[in-house]
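Engineer: Each protein sequence line maps, in turn, to chains A and B. In this text, residue positions in the first sequence follow our numbering: the first is 1, and each later residue adds one. In this text, residue positions in the second sequence follow our numbering: the first is 1, and each later residue adds one.
Careful, some of the hints might be misleading.
[Stated by the list, open to error] Some residues of chain B that are not near chain A, with every Cβ distance over 12 Å (derived):
1. G3
2. F4
3. L13
4. S20
5. V65
6. D80
7. A110
8. N172
9. F173
10. K187
11. T231
12. V235
13. W257
[What the hints assert, rightly or not] Residues from chain A shown here face chain B by an in silico Cβ test under 7 Å; the list is partial:
14. I48
15. L51
16. E70
17. R77
18. Q78
19. P102
20. R105
[Said to hold, decoys possible] Below, a list of computed lysine-lysine pairs in the DSBU-like style, where the Cα atoms sit at most 35 Å apart:
21. A:K188 / A:K117
22. A:K26 / A:K215
23. B:K24 / A:K68
24. A:K227 / A:K188
25. A:K215 / A:K188
26. B:K50 / A:K134
27. A:K26 / A:K108
28. A:K79 / A:K26
29. A:K188 / A:K26
30. A:K215 / A:K227
31. B:K24 / A:K108
32. B:K24 / A:K79
33. A:K79 / A:K117
34. A:K134 / A:K79
35. A:K108 / B:K50
Since the hints were made in silico from the structure, they are not lab data. Cβ atoms here follow ideal geometry from the backbone N, Cα and C, with glycine treated the same way.
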Amino acid sequence: MIEVRDLYKSFGAQQVLKGVNFHIEKGEAVVIIGRSGGGKSILLKHLIALLQPDAGAVLIDGEDISHKNERQLLQVRQKFGMLFQGAALFDSMTVAENVGFPLRRERKWTVQQISEKVTEALAMVELPGIENRKPSELSGGMRKRVGLARAIVYRPEIILYDEPTTGLDPVVADSIDRLIISIRERFKVTSIAVTHDMRSAGRIAQRILMLYQGKIHFTGTPEEIFKCADPVVHRFVNGISDSREHTF
Amino acid sequence: MNGFALRWIANWLQGLGQLSLLAKEVAGSIFSRKLSGRDLVYQLYFIGVKSQSVVVITGAFTGMVMAAQTFFQFHRVRIDTATLAVVSVSMASELGPVLTGLMVAGRVGASLAAELGTMRVTEQIDALRTLASHPVDYLVVPRFLATIIALPLLTVESIALGIAAAYALCVNFLGIDAAYTWHNMVKYTDVQSVEMGIIKGFIFGAMIALISCYKGMTCGEGAEGVGRATTDAVVFSSITILISNFFLTLVLNRVLWAI
Numbered sequence: 001m002i003e004v005r006d007l008y009k010s011f012g013a014q015q016v017l018k019g020v021n022f023h024i025e026k027g028e029a030v031v032i033i034g035r036s037g038g039g040k041s042i043l044l045k046h047l048i049a050l051l052q053p054d055a056g057a058v059l060i061d062g063e064d065i066s067h068k069n070e071r072q073l074l075q076v077r078q079k080f081g082m083l084f085q086g087a088a089l090f091d092s093m094t095v096a097e098n099v100g101f102p103l104r105r106e107r108k109w110t111v112q113q114i115s116e117k118v119t120e121a122l123a124m125v126e127l128p129g130i131e132n133r134k135p136s137e138l139s140g141g142m143r144k145r146v147g148l149a150r151a152i153v154y155r156p157e158i159i160l161y162d163e164p165t166t167g168l169d170p171v172v173a174d175s176i177d178r179l180i181i182s183i184r185e186r187f188k189v190t191s192i193a194v195t196h197d198m199r200s201a202g203r204i205a206q207r208i209l210m211l212y213q214g215k216i217h218f219t220g221t222p223e224e225i226f227k228c229a230d231p232v233v234h235r236f237v238n239g240i241s242d243s244r245e246h247t248f
Numbered sequence: 001m002n003g004f005a006l007r008w009i010a011n012w013l014q015g016l017g018q019l020s021l022l023a024k025e026v027a028g029s030i031f032s033r034k035l036s037g038r039d040l041v042y043q044l045y046f047i048g049v050k051s052q053s054v055v056v057i058t059g060a061f062t063g064m065v066m067a068a069q070t071f072f073q074f075h076r077v078r079i080d081t082a083t084l085a086v087v088s089v090s091m092a093s094e095l096g097p098v099l100t101g102l103m104v105a106g107r108v109g110a111s112l113a114a115e116l117g118t119m120r121v122t123e124q125i126d127a128l129r130t131l132a133s134h135p136v137d138y139l140v141v142p143r144f145l146a147t148i149i150a151l152p153l154l155t156v157e158s159i160a161l162g163i164a165a166a167y168a169l170c171v172n173f174l175g176i177d178a179a180y181t182w183h184n185m186v187k188y189t190d191v192q193s194v195e196m197g198i199i200k201g202f203i204f205g206a207m208i209a210l211i212s213c214y215k216g217m218t219c220g221e222g223a224e225g226v227g228r229a230t231t232d233a234v235v236f237s238s239i240t241i242l243i244s245n246f247f248l249t250l251v252l253n254r255v256l257w258a259i
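Bound conformation, chain B alone (with noise of 0.2 Å):
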């Protein structure tokens, strides 16, 4: 193994570290209540009322190509009542967190990494720091807590809005039986695939919220400092979002199916 190879090991567990000390701190300050209300809603409303419009429009069309190309492979074989149960239990249990995820992680996760990156590069952060706050208190935890709290509705959001789109689609072009497919829907779409759509909504919201702060928090000096931070917040939210699904999948089935 060459030296850049090893340093960059080294460089990436070191950032684990301190993304690791981060949530410690996040945690430690969620639960010693210095939260400000004002600054909670203000975030829950930019995180998640602005996020609406990207969540909508993701959750609709994605729900509708999955009817549609469902319903043309099902078509041949007869069972085109099954193609909404189809795009439920997808959307449930996958399509929507991970969709949901990746554009929040888009919207959000960059904006969170340039507004603290920006933060910290015009010493804003170090204002903070001699006034007495926390950084991890002031700008963190509200970002974080709401990002926790508007993903798993988004997600929902989203979910519901898939399926509602694709319902719309089956029925009014192309042409399936209306109370046949809702039966199905319904008969195969278990409470558990909600659950765990629910549940990874929850867990990609930390996710997001923790990376980009991070990355906004310990970003390089100036502009090219700012942007490398958006990108990678944007990146790395990405890339742990589809690797810890692939992860959540497996444990929640065992877990959730257990119970």
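Excised from the complex, chain A in its bound form (with noise of 0.2 Å):
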């Protein structure tokens, strides 16, 4: 369904991405952990095409994305949802109205009907009757639970998390895993997130991918990379740091 082909990226200099291939089955939970500003979020962005390759190629259902232009992939996003790292709510609309920003575009649905798929994401991320707050008035977990009703009110069949428990506690990272385990159960999406905290990512992944040094390093299910003797993926997974390593 998904399938990153050679991809290459680089900003000046800087090479992040320096072919990179996997592919991920419809219905699928993969996570993509690696090294703080190792290119996974470059990586997350140039599956919905936020980011164009210097090379290489994404395909979504074996149409090729990676060099359409603006126009073309509005059709092509419809299929995706997605949580940023911060959240990226509109601070200058509300809740609700964040929340059915997407439906509101579609100029298909009439004001009750959105109002009500409003009501029933914000319930399912264990937000109710926060309609009319703004975003500045919402901690770090509740903009992330509010981002991810967005993500999921139009109802999408890839779903997209940028580092989903970054910054949070650990109780409230606990209570986003739980979520995107039940928006993935629920309504079968795929699911792809980028972090590099080892516990979501072993209570969310299906399958892991270790991106090192602009490459897939490793592939493999969460009980196999806890057992890996690679030193590299044992070294990452354990939180172990090499003396002599200083830049990714």
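From these two lone chains plus the hints, build me the complex, please.
Structural biologist: Listed below in structure tokens is the structure:
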């Protein structure tokens, strides 16, 4: 369903992705792990064509989206929902307006229907009754949940999560992980998350990809990665620094 | 020519190209009628209605200063009653549109660039894109249309207030005969001068909106990026207004008086 072929991306002299290849099946839950600044979020943004690669291709249902223009991508992006690291809520709008935004833009729903769907989405992320609050009045965890409600309100087929638990305390992080799992099971969506939080990765992933030095270094189940003897994987999973390594 | 100058020219040409592409995208979006009426009304309120105080003060005081200076010169040669005519022609064709454009570039241009720039650095523009909304349709087009609608109206308001304030000053404080000064103003102010002011207001509005939205949507990272985009939006809008005003004056004088 999602195929990444030989993806290369540089910013100036810094080459971030150096030939990334992987394949994700429909309904699968994949977590991409890797060091901070290692290009995980860059890779995730290529999957929804927020960035264009220098070389290589991203295929969604067999269709190469990597070189389409913004207008052609509008159709493709209807399949996607995305939760951003900082939630990226529209700060000039209320929570209800944020969550209802994708429905209002479709112009096929009545005000009443939008309101019902917004209430349902907020209940799903366990935040009922906050429709009239502004994003600035919410905590970090609440903002992520509202971002998640906005990403699922129009029932996308694929949901991308950019560092879903970063900056949250362990209890809130656990509740976000539970939400990700419940949304995947309820709507049978394909989930792709990038994170460096191994606890979270172990909980939400069916398969883990490790990005290292611009390439996929390891692919396997959570059990396999925790038992892996490869020194790079072992050091990352167990949080052991390498004194010889100063840059990723 | 050294490397720095070549790089500056290359960057300038690249910016001009991207600005042209943005203008093309905006035109395409307007003709495909993807506009939300609610967004347009909100922007009209913000750009048009909320600019009233700035435009009123600028128009009125420019008109009065112009009248006072003109009177001090004309009084020596006893042509006091031509004062308002000079103010009127200047306000209609040059001062009204240029000063309104500059004031709106400062108030609205800075605000547009800062708003869109902040949306960019907080990933709100990326979020829009993931929600299958084109940022030009949703963010740029309502602001562009509101600016090109509001600026000609604000220009007319500025011209009218400038003349009215100048008239009040001439008649009540400078002792110029009301009937003669009004008669001369009507006699020497052509319709073409007012038309020129309105056309300039329209074009300046388009320039302010395009430059400011472009600067906001392409701003650099962090607070520094937003700050620089805001400054650039005001500086480039103002410079573009001043330079293009010269060429517009030459072209419009030929075109309008030829009709």
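Engineer: If you test the structure against every hint from before, which numbers come out violated?
Structural biologist: Hint 15 alone not satisfied by this model.
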